[in-house]
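Engineer: For the record, the sequence lines run as chains X and G.
Taking the numbering used here, the leading residue of the first sequence gets 1, the next gets one more, and so forth.
Taking the numbering used here, the leading residue of the second sequence gets 250, the next gets one more, and so forth.
Heads up, some of the hints might be wrong.
[Claimed, not checked] Dumping the calculated BS3-like pairs for lysine-lysine here, alpha-carbon to alpha-carbon at most 25 Å:
#1 Lys232/X - Lys636/G
#2 Lys643/G - Lys676/G
#3 Lys675/G - Lys232/X
#4 Lys482/G - Lys514/G
#5 Lys155/X - Lys708/G
#6 Lys90/X - Lys533/G
#7 Lys482/G - Lys543/G
#8 Lys90/X - Lys543/G
#9 Lys708/G - Lys90/X
#10 Lys622/G - Lys336/G
#11 Lys528/G - Lys464/G
#12 Lys331/G - Lys404/G
#13 Lys95/X - Lys636/G
#14 Lys232/X - Lys643/G
#15 Lys532/G - Lys90/X
#16 Lys222/X - Lys636/G
#17 Lys221/X - Lys320/G
#18 Lys643/G - Lys222/X
#19 Lys381/G - Lys232/X
#20 Lys543/G - Lys533/G
#21 Lys90/X - Lys360/G
#22 Lys528/G - Lys222/X
#23 Lys213/X - Lys643/G
#24 Lys676/G - Lys666/G
#25 Lys232/X - Lys676/G
#26 Lys532/G - Lys550/G
#27 Lys626/G - Lys232/X
#28 Lys687/G - Lys708/G
#29 Lys482/G - Lys532/G
#30 Lys232/X - Lys629/G
#31 Lys404/G - Lys336/G
#32 Lys155/X - Lys360/G
#33 Lys708/G - Lys213/X
#34 Lys221/X - Lys636/G
#35 Lys543/G - Lys360/G
#36 Lys232/X - Lys464/G
#37 Lys708/G - Lys108/X
Since the hints were derived computationally from the structure, they do not count as laboratory data.
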Amino acid sequence: MSTSIDLLSFSPPPSSMLSRTQFSFTHKPTFLLSSKKESFFTLRASAADNGAGVSAPAVTVEEPKVREASEGPTESNGAVEAPEVKAVNKFEDPKWVNGTWDLKQFQKNGQTDWDAVIDAEARRRKWLENSPESSSNDDPVIFDTSIVPWWAWIKRFHLPEAELLNGRAAMIGFFMAYLVDSLTGVGLVDQMSNFFCKTLLFVAVVGVLLIRKNEDIETLKKLLEETTFYDKQWQATWQDETTSGAKKE
Amino acid sequence: MASMALKSFTGLRQSPQEQQHPHFIAQALPRQQKFRVSAAKTSPKLTNRNLRVAVIGGGPAGGAAAETLAKNGVETFLIERKLDNCKPCGGAIPLCMVGEFDLPLDIIDRKVTKMKMISPSNVAVDIGQTLKPHEYIGMVRREVLDAYLRERAEKNGASVINGLFMKMDLPRNFEQPYVLYYTEYDGTKGGVGEKRTLEVDAVIGADGANSRVAKSINAGDYDYAIAFQERVKIPDEKMVYYENLAEMYVGDDVSPDFYGWVFPKCDHVAVGTGTVTHKGDIKKFQLATRNRAKDKILGGKIIRVEAHPIPEHPRPRRLSGRVALVGDAAGYVTKCSGEGIYFAAKSGRMCAEAIIEGSENGTRMIDEGDLRKYLEKWDKTYWPTYKVLDVLQKVFYRSNPAREAFVEMCADEYVQKMTFDSYLYKKVVPGNPLEDLKLAVNTIGSLVRANALRREMDKLTI
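Just chain X, with the same shape it has in the complex (with noise of 0.2 Å):
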């Protein structure tokens, strides 16, 4: 296996690396390039290109300054950092500014524009994400989602799905209640009066909150599952205890 090559490339004592019939790893072809080199530079230079594939299409507001970075002298084998062999785009924006964003620049009427600050964190996620950059001390990241007042994620988020929603039951509500009411003859007062009806209330409330898709269904039992399977692996010694001998408490 090719990974054991470069593994044993590493660490001068082989015997330091545990049996691998454990586990094994499936090494993926792009790592290894076309060159035969057991050095750590081919793993590097390949992680770079998949970065820099990513990111190269990049079409943003603002203009990525491409870092280029210089063939630096071979170090020998297992050194850690490479002078990269292909340039990295790192996130810059004239609105960031030392590692958070400068809220002066989102100024509109004279007030913060809190969408665009969103928006503009949004991005610098979705970049980051894509291609993850090194954390440095020297200008290290701020940013607080918090300092964003709670209004703001609200009127954005929180109000569209509600006003979708809160319209999909209106319309429910009212078909239904027409509905039973032409079938019993108990009017809307006398239906919210009765036990049945708001216990049946509840339950579509409580539904709506959950379900709002099809997949939240199978969402929910997962996670129902999940909140108990920690305790059932630690209770899975004391179930065979009736095979052994019953013991008193």
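Since the structure of chain X is already known, use the hints to place chain G on it.
Structural biologist: Quick look at chain G alone, frame taken from chain X:
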């Protein structure tokens, strides 16, 4: 919450009997006679000898167990296959371990008092401001710690055998001993070793994640994570930054269900990561971890590469007959933080204490019931800790938004205080209810914000 959990355990054990309650006398009695239910007080006193117990594995669990056994009059054999083994390990021990196990302070290479949590978008949060001056996380070298505990066991009367445990014959009835087959090494390098046997009354399996003792008693399998670590020697000026600081990197790039770390060791740092679900991609994750720490480990040389499985949960069976598992062999590694050294040593000690008690300092034979007492005590004492960490892992390691929320929460002082208090002293302490409520609200807020951002991110195409 602890009392609820307690109830569930005791309920579990009594339920089969409760169902048979009306017929209890009729049905249970013949079974009792067959299976020897009585407690140790009625078991036969050993004549001419003390109880013989073999501890397989000489790590923290084995060393602690052997020391307690030997100190209290039990004839102890500690079988370890490699006396100078450098077990690949993060090497962090909580403060309470130093006190509880009387560890000399020179075993500790470094006292970590600051930690940095780094989110997927590189938001970095410093934690540790709430630590008092005498509180720290100790970083040790496993070979030093293990050797110290083993030597202490030997000083107390245990026989340390350098050998590899092969298999064991289970006794056919109560009087018969366990017969262990092992290969003894005489210390010469490359020696093939001699096959030997050893008869003992009880066995403690402390032989780690790939336990052979566990296999011998059909303890069952567990899910495990692969932890992969590279020891990197970085230039001195960069080492200053890691003087007493450890870093944790979270993110999908670093690990889908665990975290990447940079831990300072004696004169170098250990950079590593782990995963349960995507073991095949571990090299990719390791590269990503190195990339995230790139600026801080620039110019370093990799001096060692190591990997090891880490159990994710206890084995289905942790004891059978007079054989009990402790430490990694039993699967006592916490979720979320992956901590195992303290729990290994503590479980070894607890198991040994149960044996001492059941055998009245080695004078009587023990039975499975005495070893069950150790399991009971263990589950009762540490179940809340394990459960809380499991919940934390399930909530905060799910996805990148959850990790962002996690790092945001860690910036809160109350969170830091609670986290460190429970980590350093291994007690889940209920805090101030008002603060807990605030914490809950803030957590939900963070999670909601991060997930909302995630939805925005999904709309973007960069």
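Engineer: Hint by hint, say whether it matches the structure.
Structural biologist: Each hint tested on the structure:
1. Under the criterion of a C-alpha separation no larger than 25 Å, the hint pairing Lys232/X with Lys636/G is consistent with the structure, at around 11 Å.
2. Distance restraint check for Lys643/G and Lys676/G: the Cα-Cα separation of roughly 20 Å lies within the 25 Å cut-off, and the hinted pair is therefore satisfied.
3. With a CA separation close to 23 Å, the supplied pair Lys675/G and Lys232/X stays within the 25 Å bound.
4. A distance of roughly 10 Å separates the Cα atoms of Lys482/G and Lys514/G; the hinted pair therefore holds under the 25 Å criterion.
5. For the suggested pair Lys155/X and Lys708/G, the alpha carbons sit about 18 Å apart, so the restraint of at most 25 Å is met.
6. This hinted pair checks out: Lys90/X and Lys533/G have alpha carbons roughly 20 Å apart, not beyond 25 Å.
7. Annotation: proposed proximity of Lys482/G to Lys543/G holds, straight-line Cα distance about 13 Å (limit 25 Å).
8. For a cut-off of 25 Å, the pair hint linking Lys90/X to Lys543/G stands: about 13 Å separates their Cα positions.
9. For the proposed pair Lys708/G and Lys90/X, the alpha carbon gap of about 22 Å is at most 25 Å, so the pair holds.
10. Restraint check for Lys622/G and Lys336/G: not satisfied, since their Cα atoms lie roughly 30 Å apart, outside the 25 Å limit.
11. Between the alpha carbons of Lys528/G and Lys464/G the distance comes to roughly 23 Å, so the proposed pair stays at or under 25 Å and holds.
12. Between Lys331/G and Lys404/G, the direct Cα distance comes to roughly 19 Å. Compliance with the 25 Å bound is thereby established for this hinted pair.
13. Restraint check for Lys95/X and Lys636/G: the C-alpha separation of about 43 Å exceeds 25 Å, so the hint is violated.
14. Note on Lys232/X and Lys643/G: the hinted pairing holds, with a Cα-Cα distance of about 16 Å set against a maximum of 25 Å.
15. Proximity of Lys532/G to Lys90/X is assessed by CA-CA distance (about 23 Å); at most 25 Å being required, the pair is judged to hold.
16. With a C-alpha separation of about 18 Å, the suggested pair Lys222/X and Lys636/G falls inside the 25 Å cut-off, and the hint holds.
17. Simply put, Lys221/X and Lys320/G have alpha-carbon atoms about 51 Å apart, too far for the 25 Å limit, and the pair is violated.
18. With a C-alpha separation of about 12 Å, the suggested pairing of Lys643/G with Lys222/X holds against the 25 Å cut-off.
19. Our distance criterion of 25 Å between C-alpha atoms is broken by Lys381/G and Lys232/X, whose separation comes to about 38 Å.
20. Proposed proximity of Lys543/G and Lys533/G is supported: the alpha carbons are some 15 Å apart, at most 25 Å.
21. This hinted pair does not check out: Lys90/X and Lys360/G have alpha carbons roughly 35 Å apart, beyond 25 Å.
22. Taken as a hint, the Lys528/G and Lys222/X pair is honoured in the structure, with Cα atoms around 23 Å apart against an allowance of 25 Å.
23. A threshold of 25 Å between alpha carbons decides the hint, and for Lys213/X with Lys643/G the separation of about 22 Å falls inside it, so the pair holds.
24. Among the hinted pairs, Lys676/G with Lys666/G is consistent with the structure: their alpha-carbon atoms are about 13 Å apart, no more than 25 Å.
25. At roughly 22 Å between alpha-carbon atoms, Lys232/X and Lys676/G fall within 25 Å of each other, so this suggested pair holds.
26. Restraint check for Lys532/G and Lys550/G: the C-alpha separation of about 17 Å stays at or below 25 Å, so the hint holds.
27. Of the pairs offered as hints, the one joining Lys626/G and Lys232/X holds, with about 18 Å between alpha carbons and a cut-off of 25 Å not exceeded.
28. The hinted pair formed by Lys687/G and Lys708/G fails the criterion: a straight-line CA distance of about 32 Å is larger than 25 Å.
29. Distance hint between Lys482/G and Lys532/G is fulfilled; the C-alpha atoms sit about 19 Å from each other, no more than 25 Å.
30. For the given pair, Lys232/X sits about 15 Å from Lys629/G by alpha-carbon distance, which is consistent with the 25 Å threshold.
31. For the hint linking Lys404/G to Lys336/G, the alpha-carbon distance of about 23 Å falls within 25 Å, and the restraint holds.
32. Annotation: proposed proximity of Lys155/X to Lys360/G is violated, straight-line Cα distance about 47 Å (limit 25 Å).
33. Pair hint Lys708/G plus Lys213/X holds up; C-alpha atoms about 19 Å apart against a cutoff of 25 Å.
34. Distance restraint check for Lys221/X and Lys636/G: the Cα-Cα separation of roughly 20 Å lies within the 25 Å cut-off, and the hinted pair is therefore satisfied.
35. Our distance criterion of 25 Å between C-alpha atoms is met by Lys543/G and Lys360/G, whose separation comes to about 24 Å.
36. For the given pair, Lys232/X sits about 21 Å from Lys464/G by alpha-carbon distance, which is consistent with the 25 Å threshold.
37. Under the criterion of a C-alpha separation no larger than 25 Å, the hint pairing Lys708/G with Lys108/X is consistent with the structure, at around 24 Å.
Comparing the model with each numbered hint stated earlier shows that hints 10, 13, 17, 19, 21, 28 and 32 do not hold.
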